[in-house]
Structure formats: structure tokens, C-alpha cells
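Since chain A is already given, all that's left is putting chains B and C on it; use the hints.
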Amino acid sequence: MESLVELRNLTRQFGTFEALRGIDLKLPPGRIGLLGPNGAGKSTLLKILMGLLAPSSGEGTVFGIPLVPGADGEGNWQLRRLMGFMPEADALIPGMRGVDYVSLAGELYGMPRRDAQRRAHEVLSYLELEDARYRRLEEYSTGMKQRLKLAQALVHDPPALLLDEPTSGLDPAGRDAMLRLLLELGTDHGKSVIISTHLLADVEAVCERVVILYGGQVRGFGTVRELCASRQDRYRLQIQGDPSAFREELRLEGVEILSENDRGEMRVVVPAKWITRAFFALAENHGVVIRSLIRDDETLEELFFRTIEKK
Amino acid sequence: MSTDPLKQRITMLRYRPWRGELRGPWSGVLAIARVSLGQMFRRKLFWGLFGFSALIFLFYFFGQYLGVFMQSQLTGETGTVRLGSGVGAVTVRPENMIQALTKTLKMNGSADTFANFIWFEGYILIIVLTLAGSVLVGNDFSHGSLPFYLSKPISRWHYMLGKCLAIGVFVNLMTTVPALLLFLQYGMVDEWSYYWDSFHLVVGILGYGLILTVSLSIILLAFATWLRKTVPMIMVWVSVFVLGRIVAKLIVDGLKFSPSWRLFDLWNDLYLMGASCLGIPLETMRPGPQPPFWQAWLVIGGLCAFCLLYLRRRIQAVEVVS
Amino acid sequence: MTENRMVFRGTQELEIESPLIIAPPKRLSPPPPTFVDDRPPVLLFEQVSKWYGPVIGVNQVTLELRSGITGLVGANGAGKSTLLRLATGQLKPQMGRVSVHGVDAWDWQAKRHVGYCPDVDVFYEEMSGRRFVLTMARLCGYDRREANRRTEEALEQVGMRDRADRKVRGYSKGMRQRIKLAQAILHDPDLIVLDEPLSGIDPVGRQEMLELFMKLASQNKCLLISSHELEELEKLTEHVAIMSRGRIAAVGTLQTIREMLNDHPTTIRIDLEQPRELGRLLIDSPDVVGLEMPSDRTLIVKAKNPKQFFRTFAQLVMEEDFAIERLEPLDDSTHAILGYLLGGSGKT
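Residue numbers (the numbering used here), protein chains in the order written: chain A, 1 to 311; chain B, 1001 to 1322; chain C, 2001 to 2348.
Since the hints were derived computationally from the structure, they do not count as laboratory data.
Given the structure is predicted, the values throughout are model-derived calculations rather than measurements.
The beta carbon of each residue, even a glycine, is placed where N, CA and C say it ideally should be.
A few of these clues could be false.
Using C-beta positions, here's what the derived DEER-type ranges look like [stated by the list, open to error]:
(1) C:Gly2102 <-> A:Glu128: 40 to 50 Å
(2) C:Gln2090 <-> A:Ala281: 29 to 39 Å
(3) C:Arg2297 <-> A:Gly215: 32 to 42 Å
Just chain A, with the same shape it has in the complex:
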């Protein structure tokens, strides 16, 4: 299929409150990040994509299944067959063992019981929960619980995964592992991965495209590379040593210093025809060592704030 999701002029109201208005979106399969401040309509959009809510008006398809607008009702539960959802909240059933939990998830997706059991073991060992699979869910640590939630979303091998804050509560090592896992599922196993999160770094690590929602509308959509402005004439430097002479020299050469801090980090705008070698030459002359030199393209964070600020 060409598009994972196609939405045309979709709206959703709750009484008088317009949660989503005029959403036009065409998501290709792949790794997509869903960003937006609180109240932007992210969770409403997710619910519509999952078939938990019907849109108020407009039309669209998710996995080729059409969305039927209807002010009140629940959406179409069929949509949830083809996706695995990893909720932000714990959503566990205490008293069950890990493997029983995942196997129940499989059965709820519609897998035959034997298949679900076998697959539960497989998925748990893929996620390195093999040792803990016979233990009860209450005994799991935060990192294990997150992986368990991913397991119950993966058990029926869906073509798409929807994840709500997949790294919440994880320490840096656990977060790295989770992001690597999601990247692997997206690139090596051809799954579409849609991540809704507040952590821009997570999106940078995993996603090719981002959707930025604000005020119920799509404010930005595209690949990260396309959206983030590349600023050819700006650089970020980090130097060690006394910066005063170096700074002066830069100014004389026509370099504008945008910002500086006491850690030796500077952001500069260079004049036309500048070559980076000049930085090193100037540094050498003034007893300063350059530790880092990076072109100051727009980061995802800057893009995010720029997008939501424009009216």
C-alpha cells in the first residue's frame, strides 16, 4: 500500500470544543514521529487512527480501511487488527505471568490459542525477557514493563506499531536500548512505527518523518531533513582556553558571534566564502584549542518551537 494513513479534512469536536480541525495528512509507511504540546490534539488523533473514536466529519482511510464519521460512536475496532499499540500507562494485569499476559494479548488480536502461546515465548525472547517470562508482572522493573508492553504489541506481527511515550520511566541505558529496538523494527523488519512523544531526542533517533500538531491542526509534516532549515553560514564551536583574543580576532574577520557561554561554546555566523580552516588558524594564533565544530543547522527542537510559534 502506498499510504499508511490518508486523512482529508478531518475534524473532531467534543461538544463545542474543536479538538481537531481540517486535518489533511498522507502518511507513507515508515518511521514517523508525532509531536505537539499538550492539548494540540495528539491523543485525539491517535484515538481516531486506532479506531477508538470516530471523526466528526471529513474522510480518510487507515490501512485502507475507511473511517466513517459519526458524532458519537466508537470508531471501528477492525483498525486495531493491523496495528500494535503500546500504551503510556502501565496497563498490566497483576497476578498474571509475563508469558500468559502476552499470550492473552495474542488471543485478543485473534490468534489461535496455540499460536499465541508459541509466539509469546518467541517475542519475549526477542525482547530479552526470556528469563523473566514466568514471573508475575508485579515483579517486573520499569524497563521490563516497557519491553513487555512492546511485546504485547508485537505478538501478532502487525505491519504497524503505534507507541505512546515508549521511553517513559526508562533510564538512559534502557532508553537507548528501546530506541535501538524500534529503529531495528522499522528498518530491518519493515514495520511502520508511529511514535507519539514529548522527547524530541527520541524522534531524532528513530524517525524519518515528523508530524507537528498544534491547536488541532497539522503545522508541519515532512522528513526531518526537509523541515529543518540548513544554515550554511552558521557554526557551533567549542573552544578550550582564554577566548578573549580569539573572539576579537573573529570579529575582525567579519564573523558575527550570536551567543557564547562560559563553557566555551559559541554560535557564530560567518561571512561569505569562509573556510573552516580559518577557525583553526585563528585558534592556533591565540592559544585556543577547538574541541568541536559543527554546522549549526536547525535542530528538531528549534524547528518545533518555530513551527508552533508561527500563527
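Just chains B and C now, kept in the frame of chain A:
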């Protein structure tokens, strides 16, 4: 896509795709029922209560047997019989005993037998259902398990049906099944023609069981969804039944108001509905004047409809994404 | 940036866990005398150990905070929450002593100086935000008028003044965090302890919270923030305490910690047109211990002695006129340092 073929091969050893047929949501319903049953059967308290209900069954079982046995043994000889020996010896009149068993306790394989048996089982059933309610449904709410269920391709009605099925199993295990066993037993003890003559009673028993299953599971589900935690569940559930009984008794027997006030007593209403299935006439019922059958049906039916509407509002799939 | 007021005490306390750190801990050059304060530090842990049954929460922890923002990082289960609860006087250590301004943290006098913003949400959901903070103020012992005044001030500081009348039940995560922060600063404490204050907040809210923390720090308060979001912590402060397995693995500025890990080679990424040329030349340098070329525009260098390496590198750039597109040490972040100290993938 990873272009390195070696890596691809190794990766496939770890994560394998699954290509199979996904069945519809009904397999999910059965899975929910099965898992819920498992959760209950694991509790020792449940087995303890089940033991009590078995006691009642055994009481009726032996009572029926004794009644028939004594009647068959006595051949006109009246008088007294000495039971036991020595100091603990007791003198009884067999006729009195038979009278007690058949006429008073009504352990005679008639419609009243089964109606009363299920009535008594009700005491234990209510307690078991309280436990079931908090374990099966309340826990789902208080531990936030609902998003787990509703993020699957099932609707909230499937979820509720699965739970109701599990509740239905308990209800029937403690009422319909032992009642049917008593029916079978009486036929074997008394005479074979009993089965033929009283077959309508089987239908009645099954009907009573069905009424109990449907109404109790819906009402229980609504209460459990509302109250969630065990202690409030026990309090409200038991008071609805016990207080209802007390209030009804006070008003009808004490203040001598119209028998329709007895409708407060929910268990009595269910009993009336069951009695109408079993074909017991209204006038022969024990506690005083009773309201007509159709009123009981109305009350319970209305209550169930109300609970269903409440459940429809409360179990919202929208709670899945916070 | 607030001044560094952390005093480093003695070498025996600094026992770095990870086997990667082989060099014995160096004594830092003591801070210039003008910084040494005669008053007792705001928060002082002296060889504190705490058990839960057989499980050890913190093991011989020594820490001293005077002012500014200090980050507390570490894996889950490393003992961060225990340490924070010891600081707020909710737990009593089995060994050692925790003191706030010299007074035992367990003592109610000490708790007056401490504000705690916990990671869990425990609110009375039916109350409005204002009412909740007001109740906390009354619990602090202020009379009605004073409590009202402080409540309004605290709500003003956290930017919730206009939204505080709704019930807490309807609040977003960001609003809840602000209310928690408001009740923590009610009594104008000198030490504010925050456990995961940024979790679940959207980027806009996070920015506002960061500004709030910096404002509080500029009011000469001491903040101890435990967080997994290292990127945000780095924006706030240079000073971190890294915990691992119940012990403080390292304390100090990121730079200092990085320098202490001198024996571990730095990984540096260099983007340029002809990486092989540069690689060939770099191999001759004694500082370079490894080279990698993941693509035909990138060179990854492993170098010991980074300061010397960067000088050598600069000279090469100028001599051979390389057009460098990017120069980036890959392990200067808290993230990387944590990775070294905690040794590889700590699967939780």
C-alpha cells in the same frame, strides 16, 4: 532495509514474522472468560465459599434421599422408633420426620424444592459474586488494565460479554448445575416416571438459572465498574440485597402496606421470576403476600436496562490513550 | 550560570565503581579560599548507608551541596529515590548522618528548609489546585492570612495563578508538576529536592520549567534534581552526581569528570572529503589509538589525551589544508559519561 545479507540472516533468527489467519473478536471473548475464570479459581477464598455452597447441596441431597427412603420403608406401621443406643438414644416418630422433610422443607423433588434450593444457594452466591466483581472487573479499573483490553480489535461489548460469561459460569455452577443434579437424584431414588412427569421442572430450572445469570452478571458488572475497590463493592452489594430485604419486610409485614413494596427485595424479585418459570403458584409462597410476577419481571428488567446504559457510558474506549 | 559551590571532600569517598576507571581518584585542586563558607552546607551526607531488609539502597554516600543546581543521574534502581528521601528526612539512615544546615534531616527543624517535589502524583483530585496548595500551606503551620499570601506567591512563581481554580483531576501532566513545585516552594526553603520533575511534560512546558528552576537557583536556593532526561539537565547545570548501585560513582562538573576519565580514550567524529588522507596522517600520532571509517566522508578517531590530540589535529588541518566539515567529540555528554561509568548496557 539493512543491506547486509549476513546481518539479515542473523536478524531473522531472532525476530520471526508471523503469517497466520486472525480470527474475529469472539475468540477474544472466550479468552477473556477463560482468563477471568482462572483469576477466580486461584483464590482460596473462592474455594472456601464454593465449599459452603456444596454443603447446601449436600443437605438437600441427603434430605431428599432420606425422605424417599423413609417413605418407602414405612408400610403403615406407625409408632415410634428408637435410634441409637445407650445414653444418646433418641425416640422419634417417623411420620413427623417425613412431614418435616417433605411438607415443611419441601425436599420432595417438586418445583418448590428447586426454587428454595436456589434461594438458599443465593446467600453464598451473593458473596461469591462480590468477590468475583472486584477481582474480575474492579481490578481491571483500579490497576488500569482496561487500555490493555480495549486497544485490541474488540469492542467494549465484547469485553463485557467475556466477563459476563465468566460470571455466568459461577452462577450456574452454584445454582443450575446442583439443581439439575438434585433432579436426577430424585428420579433415581423415587421412580423412573418422575423424569417424564416433572420434565417441565428441568426447563424451569434452566430458566431460573438463565435469569440469574443474565441479570446478576449485568448488575454485578455495573456495580463493579462503579465501585471498583473490594471493600466498597462488598458494602454496597450486600446492603442492596440485605437492606432491600429488611426494608421490604418492614414495610410489608410490619406496616402491612401493599405487597408491591416487596419489590425492594431484589433477591425476592429474582425468586419470583424463577418461580414463574418453575410454575409455582403465587399464593403458596411462604413469606406473606407477594406482588404479582409481572411486577418482579419489570423491576429486574428495568434495573438491567439501566445498568447496561451505565456500562455503555462508563466503559469508554477513549480512556485507552490518556 | 551559577557559581560552583560544591566542595569535594577527600579522596577516600570518591570510589569510582566502574572497572574502566583505573586511575586512582585524583585530589582536585581545592577551590580558592574565598569560596569556602563557614556555615554548614545546605545538604550534607556523611557516609550514609540505608538498607531495606537485605536490599541496600545507598551505600556509604558522601555528598555536600551548597547552592546552585545539581543533577542526580543514574540507572533505575541505583538508589536515587532513596537518596532523595533521605535528604527530605522521610527515611532514616542506618549508618551515617544526613543534615540540612547542620541539623539532622530527620528533625522537623531541618524539614523547614527543605521543599520536596516527588515523582509520583498524589493529589486530592477533587480539590482545585489553589485549594491544594493552600491546604499544604496551612499544614506548614501558617495562619490563614499568611497561608493565602504564600499560596498566591507560589502560584505566581510557577505560572499557575490563573489556572489554579480548576480541579486537579482535569490537569495535564505539566500543570500537575507545577502545582507540585508550588507546594514545594511555599515555605521558601533553601533546599528544593525534585524527583523527575520533567517527565511527561511537552517541550513548551519543559522550557518553562527549566526557566523556573534557573530563576529559583538565581534566588540563591539549592536545587537537587534527579532526572533521566540528560539533555535537559545539561541545559540547566554542569554539576552532576552520578549514582550507581547505591554509591556515588562520581561528583563534579561534567568537564572534571570527563578529565578524570582521561585514561579512557575519547571518541571523536570528523567529517571531511578525504578521510583516508587524514587518517593516514593521524595514525602516526602517538595519541591516536583507533580509527574507523563508517562512511566515505566520516572518520571516527579514538584518542587518548584529548587536549594534545586537538592541538595535533589543528596543526594537521592547517598544514595540509583539510576542509573540515564537522568536528565532534562524541562522549562529552552526560549520556556518554554515564555510559562509561556504569559500564555498557545496563539492562534494567
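Structure-based check of each hint:
Restraint check, C:Gly2102 to A:Glu128: a C-beta distance of roughly 48 Å satisfies the suggested window 40 to 50 Å. Between C:Gln2090 and A:Ala281 the Cβ separation comes to about 58 Å, which falls outside the hinted range of 29 to 39 Å. Taking the beta carbon of each, C:Arg2297 and A:Gly215 are about 40 Å apart, inside 32 to 42 Å as hinted.
In summary, the structure is inconsistent with hint 2 from the numbered list given earlier, while agreeing with all the others.
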